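Colleague: Build out the structure end to end from the sequences listed, making use of the hints.
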Amino acid sequence: MFLPSGSQDRIGEKLNHQAKVNSIFRKVVQQRNYHAIETPVVEYAQTFTNRHVGMEFNKLLKWFDRDGEIEVLRADWTTAIARALMTQNPSQSKWFYQGSVFQNDEKGIERQQAGIELIRTDLLLGEMETLFTAVDVLKALSIDQYMIELGHTGIFDYMIKPLGLNEDEEESLRVAMDDKQEDVVFQLAVEKGHPSIANHLVKLIHAYGGKEILVEYREHWKDSEELVEIIDHLEQLVTSLEQLGVQDVIVDLGSVRKLRYYSGTMFSGYLKKNGDVCFSGGRYDRLYAQFNKEISAVGLAFYVDVLTAIMEDEPAKRQVCLLACPKTHVKAEKMRMNFPDAQVDILYQRPKEHHYDQIIHVQDEVES
Amino acid sequence: MKPVIALTKGRLEKQFLDFFSSLGYEIKPLVEKGRKLRVETDQFEFIFAKGVDVTTYVQYGIADLGVVGGDILAEYQPDIYDLFPLPFGHCRMAVAKEKDKKWPTQKKTIASKYTKITKAFFKANGESVDIIKLEGSVELAPILGLADGIVDIVETGTTLKENGLIIDEEFLTFSARLIANRSSLKIKREELGVIIESLKQKEAF
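Protein chains in written order, with our numbering: chain A, 2 to 369; chain B, 778 to 982.
Misleading hints may appear alongside valid ones.
[Unchecked claim] Below are the DSSO-like pairs computed for lysine-lysine, each with C-alpha atoms no more than 30 angstroms apart in a straight line:
{"hint": "1", "chain 1": "B", "residue 1": "Lys-977", "chain 2": "A", "residue 2": "Lys-60"}
{"hint": "2", "chain 1": "A", "residue 1": "Lys-193", "chain 2": "B", "residue 2": "Lys-896"}
{"hint": "3", "chain 1": "B", "residue 1": "Lys-977", "chain 2": "B", "residue 2": "Lys-779"}
{"hint": "4", "chain 1": "A", "residue 1": "Lys-273", "chain 2": "B", "residue 2": "Lys-876"}
{"hint": "5", "chain 1": "B", "residue 1": "Lys-977", "chain 2": "A", "residue 2": "Lys-204"}
{"hint": "6", "chain 1": "B", "residue 1": "Lys-779", "chain 2": "A", "residue 2": "Lys-212"}
{"hint": "7", "chain 1": "A", "residue 1": "Lys-212", "chain 2": "B", "residue 2": "Lys-965"}
{"hint": "8", "chain 1": "B", "residue 1": "Lys-893", "chain 2": "B", "residue 2": "Lys-827"}
{"hint": "9", "chain 1": "B", "residue 1": "Lys-779", "chain 2": "A", "residue 2": "Lys-204"}
{"hint": "10", "chain 1": "B", "residue 1": "Lys-810", "chain 2": "B", "residue 2": "Lys-938"}
{"hint": "11", "chain 1": "A", "residue 1": "Lys-273", "chain 2": "B", "residue 2": "Lys-779"}
{"hint": "12", "chain 1": "A", "residue 1": "Lys-223", "chain 2": "A", "residue 2": "Lys-212"}
{"hint": "13", "chain 1": "A", "residue 1": "Lys-204", "chain 2": "A", "residue 2": "Lys-294"}
{"hint": "14", "chain 1": "A", "residue 1": "Lys-60", "chain 2": "B", "residue 2": "Lys-890"}
{"hint": "15", "chain 1": "A", "residue 1": "Lys-60", "chain 2": "B", "residue 2": "Lys-900"}
{"hint": "16", "chain 1": "A", "residue 1": "Lys-204", "chain 2": "A", "residue 2": "Lys-193"}
{"hint": "17", "chain 1": "A", "residue 1": "Lys-63", "chain 2": "B", "residue 2": "Lys-977"}
{"hint": "18", "chain 1": "B", "residue 1": "Lys-900", "chain 2": "B", "residue 2": "Lys-878"}
{"hint": "19", "chain 1": "A", "residue 1": "Lys-95", "chain 2": "A", "residue 2": "Lys-294"}
{"hint": "20", "chain 1": "A", "residue 1": "Lys-60", "chain 2": "B", "residue 2": "Lys-810"}
[Claimed, not checked] Non-contacting residues of chain A with respect to chain B, defined by C-beta distances greater than 10 angstroms in every case (computed):
{"hint": "21", "residue": "Arg-27"}
{"hint": "22", "residue": "Arg-67"}
{"hint": "23", "residue": "Ile-71"}
{"hint": "24", "residue": "Met-148"}
{"hint": "25", "residue": "Gln-182"}
{"hint": "26", "residue": "His-201"}
{"hint": "27", "residue": "Val-216"}
{"hint": "28", "residue": "Asp-253"}
{"hint": "29", "residue": "Asn-275"}
{"hint": "30", "residue": "Gly-276"}
{"hint": "31", "residue": "Pro-341"}
{"hint": "32", "residue": "Glu-354"}
The hints are simulated quantities; they were obtained by calculation from the structure and are not laboratory data.
The structure presented is a predicted model; accordingly, all values stated were derived computationally and were not measured.
From the three backbone atoms N, C-alpha and C, an ideal C-beta is built for every residue, glycine too.
Modeller: Okay, structure coming up:
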């Protein structure tokens with residue numbers, strides 16, 4: 002039997018790694034006073050495709066229910082949790098989740114995530130707590146070769162304001178910025194009669210790197226209070242992460258939001274070993290506007306499959322075989338406690354070929 | 778580790794090497810590579826692949842940078858940074874049909890290697906068409922009666938002309954482009970910055 006692209010059986014050591022990632026994540030976030038939440042796997046498509054969220058309808062896994070409504074598999078945790086939290090006690094602000102999201106794209110269908118959501122929290126407190134939790138989780142997983150990248154949706158939004166773009170034009174420009182397509186960005190802005198903004202946007206495409214980028218752009222944007230405020234905010238986050246011991250923190254001032262609900266700081270974590278993105282998230286106060294609520298919200302999701310892939314095998318345990326018979330089986334079972342660090346099998350017959358470090362006959366307890 | 782650059786084999790390869798050499802880079806091992814698909818120079822490691830595979834190697838981070846035709850990027854839309862055009866590999870995307878033949882009054886059949894581009898073009902024009910995917914020598918399709926017309930890239934137009942086809946409409950222009958893996962560009966920003974800048978010096982947009 003054949004599996005669909007991206008679907009996989011998880012077996013043996015890989016499954017142990019995944020369980021390890023999930024249990025370490027759970028332990029860390031519970032110590033930080035996050036509460037567990039799980040939304041159902043099946044929801045209405047509308048939850049994910051409405052204009053506040055804007056996920057691509059054709060990528061959702063969907064079907065009709067008996068009433069003709071379109072139902073989908075959970076496509077995004079953050080959106081589903083926002084819906085669920087509207088009925089929860091507002092005094093609890095820190096939440097965590099673990100489970101799969103489903104989207105049909107070239108990377109496959111199912112992806113495992115473990116993430117956190119903070120709502121109704123002071124802006125800086127929420128962002129620092131989110132990033133520090135990420136650092137805490139990575140440390141607990143013994144991952145130290147990583148890089149954190151920060152960006153801010155406000156920069157692109159501010160720069161394009163004078164262009165007076167309609168929705169489609171803005172989306173085209175956003176996609177071109179996201180792909181760092183210099184020529185296309187330049188052309189789109191020039192077509193709107195703003196060559197100077199075009200040049201600024203092209204420059205912005207290259208505004209990624211260490212703290213020196215923030216210094217350069219604070220000077221460059223000194224006449225714009227709004228942009229300087231964003232730079233100061235990013236610098237505070239970068240400095241705090243560095244003080245916490247994160248070695249590689251960069252900013253990308255040209256980054257744009259990938260989902261419509263992002264509104265402010267955005268962050269991603271890269272594994273240096275293979276370049277994979279191991280977490281991403283940001284601020285999305287806008288998401289709660291669909292419930293006519295002004296609620297601050299920030300969070301991030303770890304990509305469990307990515308973390309699982311780089312976990313190293315545990316050192317092999319000593320393998321012990323207890324050779325028993327029906328009469329001595331109970332005695333053998335009680336003997337297990339003598340080997341707390343070993344993997345113990347009980348057999349009735351000595352195997353012809355074996356991988357045991359030690360075989361013990363339970364009848365006479367003489368080692369072979 | 779040296780930056781890894783994936784190059785499109787064939788037509789673009791030669792043009793890239795001329796361009797690369799004009800920037801003062803060493804290309805001798807690349808010219809003398811024979812049938813090898815992996816070649817190291819003093820500064821870089823090169824891999825040679827078909828255009829669409831270049832995008833795959835870059836997307837999955839096997840290569841940090843890639844040189845590929847804009848037509849391939851438009852058709853396959855890989856998840857990469859599509860940095861800027863390079864000053865070679867210019868071509869146009871066009872609809873072509875047999876010289877003395879009129880379009881049928883009913884739904885047209887179009888043969889193309891570029892099914893996504895074809896679909897997007899006719900959809901934007903509000904016209905429904907049936908698309909037949911071919912892998913090459915697309916010009917044969919109208920002559921042999923497989924399709925009413927074709928969508929294909931045109932460089933000089935000679936192939937079309939020699940096969941009795943004429944351009945009905947041109948709708949996109951392309952050139953070779955420099956692409957980058959999304960993570961490499963950030964993680965290896967210092968190593969890649971120099972080569973990216975030097976490739977950009979000569980481009981114009």
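Colleague: Tell me, in ascending order, the numbers of any earlier hints that this structure violates.
Modeller: Going through the list in order, the structure violates hints 1, 4, 10, 13, 17, 20, 24, 25, 28, 29 and 30 and respects the others.
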